[in-house]
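All chains should be built: construct the whole structure from the sequences, respecting the hints.
Order-wise, the sequence lines are chains A and B. Residues in the first sequence are numbered consecutively from 27, following the numbering used here. Residues in the second sequence are numbered consecutively from 20, following the numbering used here.
Rather than coming from a laboratory, the hints here were simulated on the basis of the structure. One or more of the hints may lead you astray.
No more than 30 Å apart at the CA atoms, straight line, and that leaves these computed lysine-lysine pairs for DSS-like [to be verified]:
(1) A/170 / A/200
(2) A/202 / A/396
(3) A/245 / A/381
(4) A/202 / A/319
(5) A/202 / A/299
(6) A/200 / B/326
(7) B/266 / A/319
(8) B/326 / B/443
(9) A/200 / A/175
(10) A/245 / A/355
(11) A/299 / B/266
(12) A/300 / B/266
(13) A/203 / B/266
(14) A/200 / A/104
(15) A/203 / A/245
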Amino acid sequence: MRATTLKAVAALGALAMLTAACSSNPSGGSSSGGSSTSASAASFKACMVTDTGGINDKSFNAASWAGMQAAKAADPGKIKAVTYLPSTTSADYAQNISTFLSQGCGIIVTVGFLMADATEQAAKAHPNQKFAIVDCSYSSGCLKGPHLKNIDQLVFNTAQDGFLGGYLAAGMSKTKKVATYGGLPIGTVTIYMDGFWDGVQYYNKQHHAGVQVLGWNEKTQKGTFANSFTNLAAGQQIANTFINEGADIIFPVAGGVGLGTAKAVQNADSSGKKVYMEWVDTDGCISAAQYCKYFITSVTKGIAAAVSASVLSAANGSFAGGVYIGTLKNRGVMLAPAHHFASRIPTSLLAELNKITQQIESGKIVPATKSPV
Amino acid sequence: MERVTAITTAVRAPLSPGRRYAAAITFIALGLVDIMLLGFFSHRGDAIFALSLPGAGTQLPSLHAPAALTCYVAGGISIALGLLRAFVEVSRRTKRLTIAIVLLCFLIAVLCWSGSATTTPLNVVSLLQGSIEASIPLILGALSGLLCERSGVINIAIEGQFLAGAFASAIVASAFGGLWLGLVAGSLAGGFIGLLLAVFAITFLVDQIILGVVLDVLALGLTNYLFDRLMAQNPNYNTGISFSSIKIPVLGDIPIIGPVFFNGPIFLYITYGMIIVIQVALFHSRWGLRVRAVGEHPAAADTVGIKVLWIRYRNVLLGGLVAGIGGAYLTIGSVGSFNPDISSGLGFIALAAMIFGRWTPMGSVAAALLFGFSEQLAYVMSTLNVPLPPTILNMAPYVATIIAVAGLVGKVRAPAADGKPYVKA
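Structure representation (structure tokens):
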């Protein structure tokens with residue numbers, strides 16, 4: 027009996043590990059499948075560690091991966107392969123990084139704020155290994171340490187396009203109530219919410235309107251959070267709460283959790299309420315296409331371009347390690363096209379948005395935020 | 020006279036003076052919080068409570084409560100009850116009633132305090148409706164745990180059963196366009212994890228706690244992998260279709276109660292059915308008696324001819340099927356789309372609800388409702404710009420749990436043979 031038990035445990039354990047391993051099986055299959063036969067001169071390998079949202083989060087992990095692939099497409103002669111390891115829990119971050127350390131990666135890209143500590147430690151221990159971290163910098167307090175030369179910090183001033191998103195939402199709201207919520211109260215999330223809030227306040231000032239923001243206040247830094255980037259039900263419940271309080275435009279800043287909000291908006295729409303939303307990070311009409319008709323716009327950041335540029339710099343030997351800040355001016359952050367709403371946004375509002383864009387670019391308007399990049 | 024003394028001693032017996040004063044002190048402390056913190060710091064003015072959903076057929080007038088005054092009254096009642104508990108010995112039923120009243124007073128004070136901070140009315144119907152919806156998976160998960168543990172098998176794998184159910188129902192419903200088919204698939208997927216649990220726990224006598232955790236990791240890895248390989252590549256496998264709400268005629272039109280209890284997805288009514296069936300079957304049927312016997316004293320049950328292992332197999336499978344339905348709710352019952360780790364720990368909260376509910380269906384339901392309500396309350400309060408940091412607000416469900424467990428539940432006892440494999444001597 028005893029032996030059978032042991033065998034049973036072993037079998038089950040092996041099965042669990044197998045599936046875990048399967049899911050960590052680098053994507054390579056689709057992306058680098060043909061690359062093994064590419065020119066022998068190419069030797070550079072770019073590696074990426076996702077955070078727990080996973081490679082298909084339709085948000086920053088997916089965008090980072092798109093940047094990796096774009097880099098390979100841009101310079102296939104130099105970049106031999108791009109590969110990634112997914113993190114199932116936060117305990118995997120350091121583990122995945124050290125796996126890559128032993129594989130001779132030309133650059134290791136870590137995705138997200140939450141991976142700061144693991145990245146910093148690895149970078150300190152391996153000063154010759156190049157790193158790039160998305161959404162994290164020394165000046166935002168995300169990386170703590172003495173400055174390391176081998177980390178490229180890719181950050182985005184999303185208060186700027188959040189500001190535009192807020193202004194647009196305020197202009198489009200019929201109930202004079204708009205809402206936003208976050209995944210977790212961390213800087214890369216609240217900076218969007220700050221910008222959104224400030225954009226609404228600016229609209230109120232310009233139009234002597236009284237549009238209210240539910241779910242966030244830049245001054246007090248208090249508001250609503252789903253406490254998760256995976257709990258879609260929370261996104262739906264929060265959206266229902268907003269809708270029942272009279273909000274008609276919702277801006278979730280919670281990655282995939284926004285899909286729950288999209289469902290709530292769809293339900294409200296089918297019961298005859300006019301409720302819409304703005305997507306975050308990526309163009310929602312591409313990443314969550316089934317809900318495109320509810321998206322007024324998407325408040326995006328150009329993670330893919332930044333990651334691609336960083337990987338290429340490492341491949342070309344021009345990697346310097348420093349801060350890249352995406353802004354409206356360098357097109358590192360922007361509002362996505364309005365798609366379904368293109369004809370429904372009043373031209374006067376579009377003209378105002380263009381003007382504000384210029385004013386932000388020239389520094390005349392500085393969207394308020396307490397989350398520096 | 021002797022009889023009376025006997026009865027009073029019997030009533031008094033389980034209560035140590037320490038515990039009695041603990042209740043009194045807690046009541047008075049909560050009363051002081053109502054007055055000093057919530058009352059004094061309320062904005063002068065009314066807290067507005069909306070009693071109908073916007074756009075509902077019949078609109079009730081909103082309730083206006085003077086915030087500070089209401090807090091003072093609520094605090095006064097709590098302190099009075101605290102003094103009562105300190106000096107007067109009351110029956111068990113009255114004790115529970117006082118706890119309920121004090122918690123309700125505290126809740127009302129919190130709502131008034133938060134409601135007075137804004138001009139947006141606090142929508143009571145929305146709050147309750149959200150609480151019920153948040154409780155559905157917790158109730159189904161807790162019932163699943165209960166079915167297993169009453170027969171003596173610990174089910175830590177609820178989380179894994181949720182994930183398997185959520186994934187299977189989403190992919191089947193999306194690929195074949197049949198929501199009911201998805202529901203069946205979700206339930207079966209949960210049942211499959213239940214089967215693994217049964218085989219390894221009952222036949223191979225694997226430690227049930229470790230086994231449950233292994234199954235959770237297995238389900239997480241498996242669904243993540245399949246999501247990456249199937250759903251992410253082909254959006255047609257994750258279209259986000261879901262059951263729409265069903266409103267019960269007449270009952271659904273009752274103000275407040277109607278939208279909360281009689282207007283929800285089909286899962287709401289399935290849950291009602293499950294609660295009743297499991298409650299009745301467990302305590303008023305031969306099946307239930309046998310299950311409980313196997314969970315308490317399998318050797319004795321065996322000697323009277325009950326097939327212990329068969330009953331355990333059957334219950335663990337049933338539990339898996341029920342949790343699978345809970346998982347299906349997470350996708351096709353609510354948000355439609357599947358996402359890696361969509362259950363986000365709900366299975367463990369369901370497990371906690373079952374324990375706090377003392378392994379009874381009704382207790383589990385009450386605990387699940389409490390969790391659902393406090394989660395929803397945190398959302399509602401945060402949308403009203405309540406002057407509390409978001410991290411503190413999100414702690415609310417857990418604080419409520421601690422208070423409720425300490426005050427209402429006391430010592431809990433698991434089925435005696437819970438987690439102990441049965442081997443015929």
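These are the hints, each one checked on the structure:
1. In summary, the hint linking residue 170 of chain A to residue 200 of chain A is not supported, as the alpha carbons are separated by about 44 Å, beyond the 30 Å threshold.
2. Among the hinted pairs, residue 202 of chain A with residue 396 of chain A is consistent with the structure: their alpha-carbon atoms are about 25 Å apart, no more than 30 Å.
3. For the proposed pair residue 245 of chain A and residue 381 of chain A, the alpha carbon gap of about 25 Å is at most 30 Å, so the pair holds.
4. The straight-line distance between the Cα atoms of residue 202 of chain A and residue 319 of chain A is roughly 21 Å, inside the 30 Å bound, and the hint therefore holds.
5. A hinted pair counts as satisfied when its Cα atoms are at most 30 Å apart, and residue 202 of chain A with residue 299 of chain A qualifies at roughly 14 Å.
6. Pair hint residue 200 of chain A plus residue 326 of chain B does not hold up; C-alpha atoms about 66 Å apart against a cutoff of 30 Å.
7. With a C-alpha separation of about 27 Å, the suggested pairing of residue 266 of chain B with residue 319 of chain A holds against the 30 Å cut-off.
8. Straight-line distance between C-alpha atoms of residue 326 of chain B and residue 443 of chain B comes to about 11 Å, which keeps the hinted pair within the 30 Å bound.
9. Pair hint residue 200 of chain A plus residue 175 of chain A does not hold up; C-alpha atoms about 50 Å apart against a cutoff of 30 Å.
10. A distance of roughly 26 Å separates the Cα atoms of residue 245 of chain A and residue 355 of chain A; the hinted pair therefore holds under the 30 Å criterion.
11. Among the hinted pairs, residue 299 of chain A with residue 266 of chain B is consistent with the structure: their alpha-carbon atoms are about 18 Å apart, no more than 30 Å.
12. Between residue 300 of chain A and residue 266 of chain B the alpha-carbon distance is near 21 Å, which keeps this suggested pair within the 30 Å criterion.
13. Distance check on the hinted pair: residue 203 of chain A and residue 266 of chain B sit about 28 Å apart at the alpha-carbon level, within 30 Å; holds.
14. Of the pairs offered as hints, the one joining residue 200 of chain A and residue 104 of chain A is violated, with about 53 Å between alpha carbons and a cut-off of 30 Å exceeded.
15. Pair hint residue 203 of chain A plus residue 245 of chain A holds up; C-alpha atoms about 18 Å apart against a cutoff of 30 Å.
The structure shown violates the earlier hints numbered 1, 6, 9, 14.
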